[in-house]
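*Asks:* Using the sequences and the accompanying hints, generate a full structural model.
One-letter residues, chain by chain:
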Amino acid sequence: MAEFRMPQLGADMSAGKLLRWRKQPGEPVQRGDIIADVETDKADIEVEVFVTGMIEKFLVQPGEKVPIGTVMAFIREEGKPAVEAPPVFPVAPAPAAPSAIFPPAAAPAARAIPAAAPMEPRRLHISPVARKAAADLGIDPATVQGTGPAGRITLEDIQRAAQARAVQPAPEAAPDRQTRLRQVIAAAMARSKREIPHYYLSATMDVSRALAWLAQENLQRSVEDRLVYGVLLLKAVALALREVPELNGFWREGRGAPSADVHIGVAISLRGGGLVAPALHHTDRQSLGELMKNFRDLVQRARAGSLRSSELSDPTFTVTSLGEQGVECVFGIIYPPQVALAGFGKIVERPWSAEGQIVSRPLLTATLSGDHRVSDGHRGGLFLAAIDRLLQEPEKL
Amino acid sequence: MSKDEIRATVLRALGQIAPEADLSQLNPTRRLRDQLDIDSMDLLNFVIALHKELHVEIPEADYPKLATLQGCVDYLAGLSGRP
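Protein chains in written order, with my numbering: chain A, 1 to 397; chain B, 1 to 83.
Keep in mind that the hints were calculated from the coordinates and are not lab data.
Hints may contain errors.
Said to hold, decoys possible - Taking lysine to aspartate or glutamate pairs in the DMTMM-like style, the calculated list, with each CA pair at most 25 Å apart, reads:
1) A/Lys346 to B/Asp62
2) A/Lys346 to B/Asp4
3) A/Lys293 to B/Asp37
4) A/Lys293 to B/Glu57
5) A/Lys293 to B/Asp39
6) A/Lys346 to B/Asp39
7) B/Lys65 to A/Glu395
Quantities reported herein were computed from a predicted structural model and do not represent experimental measurements.
*Replies:* Here it is as structure tokens:
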């Protein structure tokens, strides 16, 4: 029997609210099907299932807010015999690795950790991981009954307390979506700046060849199939990451963990403020036409509030571009547990030296924000040089 | 198609891109980018919407002519052969 759990859709998520099930018990599901809509502080997300089989039982009802990792449903996997569902204990037995390493720095305001917690008069017998989970979930450990050896408060105790609280009505009105969005961005970015030793590099690139090629290419394409310049940048970044793979991945369990796949998270500004950075899966393997089609779809869905869970959980690297706002150079903040981020500014026409001549050329400033625990400036420099080289041969992208 | 009909079509297309905007407040001679916070992807979607509704092919070189609401109406009226 497979367990369908509340996914962690980014390092800044500690819990999610089930909005609705899209399937019924007894219905078949295919791997990749969207079976639930979940509300997070950032957005409403369509959650996919990663097994093929049949819905056996729902454990969480619409309207319930549960911690990440909570078992929400049982799914009988295809080709496997029906068995008795395990006893209902829907709280996750262990935290997901990313949350253990990058716990949210601050719980949303409605879940604020009681200010008295650090000054607790009696010494709490609690494991470090449980204390961290309590902070993440906004649980006051002093209110939790420990069930471990000598009454020690365990991770399971904290998760059980969070689960129990999830079914209780909220004590006060929750902040609106925009406020919560700012809170989760604030928490993730503050944590990144606090924990990740960033280094920053920039390089100026002559993009005249890329722009000329793009103009010619778009003349041959129908209106619907035209490419935007940003797609060339995304593909160049994805290919450059293959050359410097340590930039593509995560910081987990005290070390860098490169990803075999390149899923670039694209920073997309939302109307009304805030941003999300969902993944363009397998960015390096897509043709420019495919990438454009998927990028366009991703932007539309991000702004319409219909992203999928895998798009939020899978990014291995982030790209941000502020050129259209007139910014010439952007040094971004790494989104943990990722370990690097590339930024692109506005293309500006400037004097440039080429073949012994001063000429006017369209220039682009590309930047890298790198996690110095994982990579060094030398490797970061090679990454930016690779982007430059790739953009000089746009027809090969 | 009259200029009024073109204008209505343009506003409809803009409404798809910026559904939260009050298009009745648009200044026809100010840049749409500044008033609606649109980016290059929005612009492409706008051009695609106009293509579908008006059956016009707008080359990239002409995108600057779509910078304002008035510019859009004038340009598209010119494409359809009307003053």
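*Asks:* Next, verify each hint and record whether it holds.
*Replies:* Quick rundown of the hints versus the structure:
1. A/Lys346 to B/Asp62: The hint holds at about 20 Å.
2. A/Lys346 to B/Asp4: violated, 36 Å
3. A/Lys293 to B/Asp37: Distance ~22 Å between A/Lys293 and B/Asp37 Cα, so the pair holds.
4. A/Lys293 to B/Glu57: Distance of about 19 Å is within 25 Å: holds.
5. A/Lys293 to B/Asp39: holds, 16 Å
6. A/Lys346 to B/Asp39: holds, 12 Å
7. B/Lys65 to A/Glu395: Status violated; Cα separation ~29 Å.
The structure fails to meet hints 2, 7 from the earlier list, while all remaining hints are met.
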